[in-house]
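Colleague: Please build the complex by placing chains B and C on the supplied structure of chain A, with the hints as guidance.
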Amino acid sequence: MRKNWWKFLTIALLFYTIIAGLLMEVPRLVILNETIRALYFHVPMWFGMIIMLGVSVVYSIKYLRNPEQKHDDTAVEFANVGIIFGVLGILTGMLWAQFTWGDWWSGDPKQNAAAIGLLIYFAYFILRGSLDNVDQRARISAIYNIFAFSALIPLLFILPRLTDSLHPGSGGNPGFNAYDLDRRLRMVFYPAVLGWTLLGVWMASLRVRIKKIEHQLDL
Amino acid sequence: MNNLVSFIRKEVTLEWRQRYAINGILLYLVSTIFICYLSFNVRSNQLNPITWNALFWIILLFTAINAVAKSFIQEKEGKYLYYYWLISPQTLIISRIVYNTLLMLVLAFIGYGMYSLVLGNPVGDPVLFLFNLLLAAVSFSSALTMISAIASKANNNQTLMAILGFPVILPMLLMVIKISKNALDGIARGESYDEILTLLAINLIVGAVSYLLFPYLWRS
Amino acid sequence: MKRLTIISAFILSSLFVQAQDKIKIEESDYGNEQVEMADEFRKEGKIYVLTGVICLILGGIIAYLLVIDKKVSRLEKEIKKP
Chain A
48 MRKNWWKFLT IALLFYTIIA GLLMEVPRLV ILNETIRALY FHVPMWFGMI
98 IMLGVSVVYS IKYLRNPEQK HDDTAVEFAN VGIIFGVLGI LTGMLWAQFT
148 WGDWWSGDPK QNAAAIGLLI YFAYFILRGS LDNVDQRARI SAIYNIFAFS
198 ALIPLLFILP RLTDSLHPGS GGNPGFNAYD LDRRLRMVFY PAVLGWTLLG
248 VWMASLRVRI KKIEHQLDL
Chain B
2 MNNLVSFIRK EVTLEWRQRY AINGILLYLV STIFICYLSF NVRSNQLNPI
52 TWNALFWIIL LFTAINAVAK SFIQEKEGKY LYYYWLISPQ TLIISRIVYN
102 TLLMLVLAFI GYGMYSLVLG NPVGDPVLFL FNLLLAAVSF SSALTMISAI
152 ASKANNNQTL MAILGFPVIL PMLLMVIKIS KNALDGIARG ESYDEILTLL
202 AINLIVGAVS YLLFPYLWRS
Chain C
464 MKRLTIISAF ILSSLFVQAQ DKIKIEESDY GNEQVEMADE FRKEGKIYVL
514 TGVICLILGG IIAYLLVIDK KVSRLEKEIK KP
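Protein chains in written order, with the numbering used here: chain A, 48 to 266; chain B, 2 to 221; chain C, 464 to 545.
What the hints contain is simulated information worked out from the structure, not anything from laboratory work.
Glycine residues also receive a C-beta, built at the ideal position from the N, C-alpha and C atoms.
Any given hint might turn out to be false.
[Claimed, not checked] Now the stretches of chain C that chain A is said to cover, found in silico as 3 or more residues with beta-carbon under 8 Å:
1) 498 to 509
2) 512 to 521
3) 525 to 532
So that you can see chain A by itself, here it is in the shape it has in the complex:
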């Protein structure tokens, strides 16, 4: 039970997110109106994706230092959950963008970056699929994971700059990215990010444990 305290924290945080996210007062902003509440559900997907992929890279590095099966499993499963978060983030983002900016795909830098991140990780899984030898697959995919992630991160900072003129915040069309969160929004936003991220960790850890059992059965 004691080891599981964070799962209860996850549950509590998620319920808090939904209840407070729907019921608490939010600033009344033009264009956004009520949809500002999507902040608590859509943006954490994006954060969650980056955090999950980051964890995946950390485990890839761990694998290279110390080639153990469990590190590879962890890296893969976190990448998996990261992809799920990314897809959800993109879909919710599209829905929200359609409402606020009037286009399903509005060329928002974050949207593009998320799409590229997904491309990288789809490629990662295809790479894994095309390698037969277990050790080789683990090592080479770990190398690609680190390599691609270190190319992706600068992109997250470049894209906003490149598309600045198109950026919905600066063109007189206030999308959410243009606003600085205030104290009251943060009170829900940070717990929301933590909650959704922990949910991702939970799902990934379940998958890792299942994989471990599978490996033990194989022996």
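Modeller: Chains B and C alone, transformed into the frame defined by chain A:
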């Protein structure tokens, strides 16, 4: 260091001796440009600069992927073993990156010449544009060399090379396209410093990461 | 060993760049009656229905996750036993 230079020289001589490979890539580049010219069906200078720019870089990107792909994929097993005894993995990756940079430079300049011949040349600031070609050659080769090393370990190489390479090359490509757009418009060079710096920074990161990771790949 | 630490340092260091100009959200934004919100909807208390529905769904999904978690724990124990 000495080792590095002699290894690069060896690569260049080898390439020169069996010219069909580099000729193949050149022909690929030229025919692609010609196909673009024919399919746009335009007379010179009628392409709008943005299209001109994007088309040029896409052609170069595909050529780069094809050219760099062969740096590891087409090697024979025996040759690997030979390298393995001869030099350290760090020397190998750096020499490959430098060699590919040279190759890309040649391709980029020939491509630029050919491209501006048939599709017109709206470049306002040629010096910056040529400098950008140099930067692009360095970027493409630093990112793609490592990818080709990774792809060479897997089975269906060529496709894999492309899908692994695209997302990784994208940040650099975007910066390069931005700088080249600046050069096209001929705006003040100071405007491009930011992009050039970012591009160099990404290059540094990608180069350093390949340098550090390659030994792990090499061991297998 | 050192190498990988350097890689992680690289990746991390690239995280700390750039800030953007943002619009501050003012206290007055909360009382800005000109912007239309779903006030009517809230007044009628229907928002509680919506919240309830979403909470129930979340609760169901989490209960399912908990069941899977338990099952995996049981399997882990069983595999360790023999």
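Colleague: Each hint should be assessed against the structure and marked as holding or not.
Modeller: A quick look at each hint next to the structure:
Look at the segment 498 to 509 of chain C against chain A: 4 of its residues bring a Cβ nearer than 8 Å to a Cβ of that chain, three or more, so the hint holds. Counting residues of the segment 512 to 521 of chain C whose beta carbon lies closer than 8 Å to any beta carbon of chain A gives 5, which meets the minimum of three for the stated coverage. With a cut-off of 8 Å between beta carbons, the segment 525 to 532 of chain C has 5 residues touching chain A; three or more are needed, and the interface restraint holds.
Of the numbered hints listed earlier, not one is contradicted by the structure.
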